[in-house]
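Novice: Here is what each chain is made of, one letter per residue.
Number of protein chains: 4
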Amino acid sequence: MILHLAKDAPQATIEQAARELDAFHIVKPEYHVLVTPSALKEVPAQYKDVTLESFVFDNDMQLAAASYMKETRQVDIGNISIGGNTHNTMIIGGPCSVESEEQITSSAKLMKELGISTLRAGCFKPRTSPYSFQGLGLEGLRLLEKMREQFGLNIITEVRDSTHVDDVIASTDIVQIGAKAMYDQGILRRCGQSHKPILLKRGFGTTLQEFVQAAEFILSGGNDNVILCERGIRTFETKTRFTLDLCGVAYLKEYTNLPVILDPSHAMGYRYGVPDLSRACVAMGVDGLLIEVHPTPASALSDAAQQIDHDTFRALVESLRPVAQAVGRTII
Amino acid sequence: MILHLAKDAPQATIEQAARELDAFHIVKPEYHVLVTPSALKEVPAQYKDVTLESFVFDNDMQLAAASYMKETRQVDIGNISIGGNTHNTMIIGGPCSVESEEQITSSAKLMKELGISTLRAGCFKPRTSPYSFQGLGLEGLRLLEKMREQFGLNIITEVRDSTHVDDVIASTDIVQIGAKAMYDQGILRRCGQSHKPILLKRGFGTTLQEFVQAAEFILSGGNDNVILCERGIRTFETKTRFTLDLCGVAYLKEYTNLPVILDPSHAMGYRYGVPDLSRACVAMGVDGLLIEVHPTPASALSDAAQQIDHDTFRALVESLRPVAQAVGRTII
Amino acid sequence: MILHLAKDAPQATIEQAARELDAFHIVKPEYHVLVTPSALKEVPAQYKDVTLESFVFDNDMQLAAASYMKETRQVDIGNISIGGNTHNTMIIGGPCSVESEEQITSSAKLMKELGISTLRAGCFKPRTSPYSFQGLGLEGLRLLEKMREQFGLNIITEVRDSTHVDDVIASTDIVQIGAKAMYDQGILRRCGQSHKPILLKRGFGTTLQEFVQAAEFILSGGNDNVILCERGIRTFETKTRFTLDLCGVAYLKEYTNLPVILDPSHAMGYRYGVPDLSRACVAMGVDGLLIEVHPTPASALSDAAQQIDHDTFRALVESLRPVAQAVGRTII
Amino acid sequence: MILHLAKDAPQATIEQAARELDAFHIVKPEYHVLVTPSALKEVPAQYKDVTLESFVFDNDMQLAAASYMKETRQVDIGNISIGGNTHNTMIIGGPCSVESEEQITSSAKLMKELGISTLRAGCFKPRTSPYSFQGLGLEGLRLLEKMREQFGLNIITEVRDSTHVDDVIASTDIVQIGAKAMYDQGILRRCGQSHKPILLKRGFGTTLQEFVQAAEFILSGGNDNVILCERGIRTFETKTRFTLDLCGVAYLKEYTNLPVILDPSHAMGYRYGVPDLSRACVAMGVDGLLIEVHPTPASALSDAAQQIDHDTFRALVESLRPVAQAVGRTII
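Chains as they are written, first to last, in this note's numbering: chain A, 1 to 332; chain B, 1001 to 1332; chain C, 2001 to 2332; chain D, 3001 to 3332.
The hints are simulated quantities; they were obtained by calculation from the structure and are not laboratory data. Please note: incorrect hints may appear among the correct ones.
[Unchecked claim] Computed footprint of chain A on chain B, listed as stretches where at least three residues anywhere in the stretch have a Cβ under 8 Å from a Cβ of chain A: (1) 1157–1168; (2) 1201–1215; (3) 1234–1240; (4) 1320–1330.
[As the list claims (entries may be wrong)] For lysine-lysine, the following DSS-like pairs were computed, each having C-alpha atoms within a straight-line distance of at most 30 Å: (5) C:Lys-2239 <-> B:Lys-1239; (6) C:Lys-2239 <-> D:Lys-3239; (7) D:Lys-3048 <-> D:Lys-3070; (8) B:Lys-1048 <-> B:Lys-1007; (9) D:Lys-3196 <-> A:Lys-239; (10) C:Lys-2041 <-> D:Lys-3070; (11) A:Lys-70 <-> A:Lys-48; (12) B:Lys-1028 <-> B:Lys-1070; (13) B:Lys-1028 <-> B:Lys-1048; (14) C:Lys-2028 <-> C:Lys-2196; (15) B:Lys-1041 <-> C:Lys-2239; (16) B:Lys-1028 <-> B:Lys-1041; (17) C:Lys-2239 <-> D:Lys-3070; (18) B:Lys-1070 <-> A:Lys-239; (19) B:Lys-1048 <-> B:Lys-1070; (20) A:Lys-28 <-> A:Lys-70; (21) A:Lys-41 <-> B:Lys-1239; (22) A:Lys-70 <-> A:Lys-7; (23) D:Lys-3041 <-> C:Lys-2239; (24) D:Lys-3239 <-> A:Lys-41; (25) B:Lys-1239 <-> D:Lys-3028; (26) C:Lys-2041 <-> A:Lys-239.
Think of the CB as a built atom: it goes at the ideal place given N, C-alpha and C, for glycine as much as any other residue.
Generate coordinates for the entire structure from the input sequences, incorporating the hints supplied.
Specialist: Written out as structure tokens, the structure is:
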């Protein structure tokens, strides 16, 4: 249950309510927000007086629920915004991993050239084998910061585990929590204490319910800036790397209040399908796309098969604009 | 392996080759086509003289393979066509089941009004329970024929099992083989002997490889008019009825030569997601959509949750035209 | 809802009830059984007088439900029986396909030698490619009949589609409906009119609910002799061919009244795992096992990788007896 | 590739080899072990002299591979052992979560009574909702330590994220890495530096390949004491909580050298299936079982539906002994 308590209620009452109802307490300019387990269905008598408004839920999708807040939340990232009534579809482009200054500079220039605001690249790679390339770590993060400074781009990179979450929060404009880390409460709770925009990827074996509940870990900590990212789920089909779940995206758009971004590159796993899927995603009216692009995909140190080259990316971005326009949105 | 044998080769040689190579034999105006198991990788010496051209394959996706025929096959349905270089995206609309003459007439009028050429509705319903509504059977088929006569529409209905496949072939403009019947060789082989367009749906537990191989049963019988239909696969996610596999569609577009149609209604299972998904499918550049629409969805005898009403359908079709245009296609 | 109506009720009343309640009507020695859609929750007033007993259900698992009949149904196959209070675990052994008289005779002798009562082998193969070996068809069926005559074995083979269901019912002791045919109402309804034992395999993409409802098609036709067979479902894991669902078996044992048989060979897809899985299945207390065994597995015309050889089969059967004994069952 | 280098090789040569080949270096009494990426297929000429033995692999399952070490590794836990040639099947019992001293004492007494050596209970619960019971944390760990002291039991608990991994390593006899944490390199690498036995659970969306590669993170750090635990994967079937993958267990037994333990409680999600599944697992010849048992399951603070009560556990353990004996193993 979510309760909005009056600003002028005694501090002691609010604290007692939070304790007694086993609730998270978020302080807003207009009211106090208490979030209790969803099993609670009625405002207890002793707190009725200080309760301005209350919301009941079937399950633990509460702060993220469309039944709590109908309109998609607006998230501000540097000087751009998505969600709210912006009708923006943000493109996030860049290589799978930072590999060298030359490589990431080439990517940053491409984004700048096409008016794309946000550069992505992995530094702490959550590889499934200890014997693969593990990323440049902090060195990669420093290179990304340099790109921001040099080209005025927003930067986003992924947190692999909670041992370096503070570094990533400190350096990036959007913190990415990847598919393998999205149940990690060490990361989720830490991100909940920050106010950085968080791009939360759905695990490939994660139900929509669990996915939204992972967002609740962040939201209940007081960070409103959560963006959901669908990146393909694991199914019996193996001709493609994963299965992009657009039915799930329709569900998220209907039942949550969070912006949704899609990652067709990881879902497909092969570059040939990325342009078609990207156009499909834009036509669904989502808030953004994450696309892997590499100066020389064949020699990439990770995910070589799915990254597109710079010319394909240029043509793709060009083709997305009329599709966006057809559904009343703008590519940024 | 596929071999094209010369028209003027001795009949006895061709028959012997077919027998000896365990091959399907299809007679074309320009040549004889022999299709052997894909394990054969070289034209046997004794047939080299009569072989005009030959094609080797990694697996049993042969006649359907893009490596055999690069361009998507054109399929003519009454006075319309899809595939080839038509750039048409065909809408097939109508209720889940024929329920009454009044109901199906209302649907037929809607298609006519919007310039939609093809009316769908089930007569032989492949329900999973013996205690549910099983469809009107032949009576439904007669009503569909009446709609064709009265409104000049193409009609399509589903074959449930091979006991009534001849009736459906005789009456419809497109024969639908549903997700549960797509391994049924009684149906597949019979459809291979016909020349009617066949809309073959992917089973919800069927790999892309098996799906295309089911099409090979029809193609190897000599019927070129096969349309593939992706309608959602079964995954761990249960908030939506199925998971529409657009990565799989990207695969089919890349590796096969068959037109592809999508069924967002069955994939989603809920009407709220159908418009968004339909726009996504059109933006992918597919050859058509199958959309369930009912005069009064709430009282439908089957699949009540996923059928949209007439006004929603009107608005949806209107919104599809600019999306189609943005990707160089025309809604018909 | 299931109603038991009195034997001495007027025939007209029973017929009217069946018609009015949209019910299947099965005549039993002790009473008439009417099975209505499960949506009916109360005996209509006008039939209360003739109703001896009634059973209400949450869903369309009715005749098969443990809440209708607590004890597992007994199924008699020739001179053996499973289910009921027999505590028998029946082994069904034999090759994937009948390939030749020599081959199937070798298999039949092996069963005879080990005291195994039932010989399996496919004649009408539901292959996923038209270019693979499709089975010997009727010729194979004749060879199986010869084995029965010569060695006194029960025989079982699979129906591929409804074009030859009558042949299989006429010739075998158990009719197998395979994973790809289990939604085929042409087959299911025809088997419901017979009294032959039917071994119904679960589709690899089929939920337990749908699986049991497929059995309802047979049971509601009046054939009580249905055996369920779990043979592996399709999941994201591809190191093994399928995933044997023993949790599902636990569900079937708890919530249905039908005997359950398992097929570890198809689930595993590789011979190395078959013995361990077979022992696991027997320890679960199931009613039987279907095991593929071939005189020379490496040269088998279908499913070569998963068939075990005769010596492995001998050792396996020997190892199953103490496991069966440990859980109070007997291998037959 | 794995190389065994001679003990008397110059230290500088070994260090250079490790650096040059991008290898993990493990010091063994008999030789140095270098583990390179599996892409390396031949011992470089300059290291041939110091190489005693080398092993080539198809993929990054290396230290865990049966082709490296045929026999299952022995893991010693306190005064008991599994794997090797012990033929022991270890039972790990206890509640889902530590809830109170009274509750965990009751569980500990039950283990003691039945001669079960290891007590399990969660302290840091990786719940999917922030609004559920999150476990007693360090307080729970202290209670488990008390049980060890009082009853002489081994104790095992789960690490949720890397913020408290050191506490769990310090306190327990087996460190459990749960299904949601098994990609967490912060945890995996830290456990690789320890010598504590690690029970690594398979993620519910994790392939067998990825699962074994997660073990490689620990093994390559120098910790040999890794136990794999299959606990059910997520499939389309929802009547049971997960699907216990015994085909996968057959694969792990064939292709790896690590002991395997099963968790039927989490797989099933309902107590009714736990005894049957437990017997099946024991008959497969696995190295252990993890079973959830609670003094009063109905009032459990987490996973109430799947925990069995004490009497059911007593009867279950009793029934496992003859099954174990039938397959040549001993329950400990």
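Novice: Now tell me, hint by hint, if it's right for this structure.
Specialist: Hints and how they fare:
no., hint, verdict
1, 1157–1168, "violated (count 0)"
2, 1201–1215, "holds (count 4)"
3, 1234–1240, "holds (count 6)"
4, 1320–1330, "holds (count 5)"
5, C:Lys-2239 <-> B:Lys-1239, "holds (28 Å)"
6, C:Lys-2239 <-> D:Lys-3239, "holds (25 Å)"
7, D:Lys-3048 <-> D:Lys-3070, "holds (24 Å)"
8, B:Lys-1048 <-> B:Lys-1007, "holds (14 Å)"
9, D:Lys-3196 <-> A:Lys-239, "violated (40 Å)"
10, C:Lys-2041 <-> D:Lys-3070, "violated (61 Å)"
11, A:Lys-70 <-> A:Lys-48, "holds (24 Å)"
12, B:Lys-1028 <-> B:Lys-1070, "holds (18 Å)"
13, B:Lys-1028 <-> B:Lys-1048, "holds (19 Å)"
14, C:Lys-2028 <-> C:Lys-2196, "holds (17 Å)"
15, B:Lys-1041 <-> C:Lys-2239, "holds (28 Å)"
16, B:Lys-1028 <-> B:Lys-1041, "holds (23 Å)"
17, C:Lys-2239 <-> D:Lys-3070, "holds (19 Å)"
18, B:Lys-1070 <-> A:Lys-239, "holds (20 Å)"
19, B:Lys-1048 <-> B:Lys-1070, "holds (24 Å)"
20, A:Lys-28 <-> A:Lys-70, "holds (18 Å)"
21, A:Lys-41 <-> B:Lys-1239, "holds (23 Å)"
22, A:Lys-70 <-> A:Lys-7, "holds (23 Å)"
23, D:Lys-3041 <-> C:Lys-2239, "holds (23 Å)"
24, D:Lys-3239 <-> A:Lys-41, "holds (28 Å)"
25, B:Lys-1239 <-> D:Lys-3028, "violated (52 Å)"
26, C:Lys-2041 <-> A:Lys-239, "violated (47 Å)"
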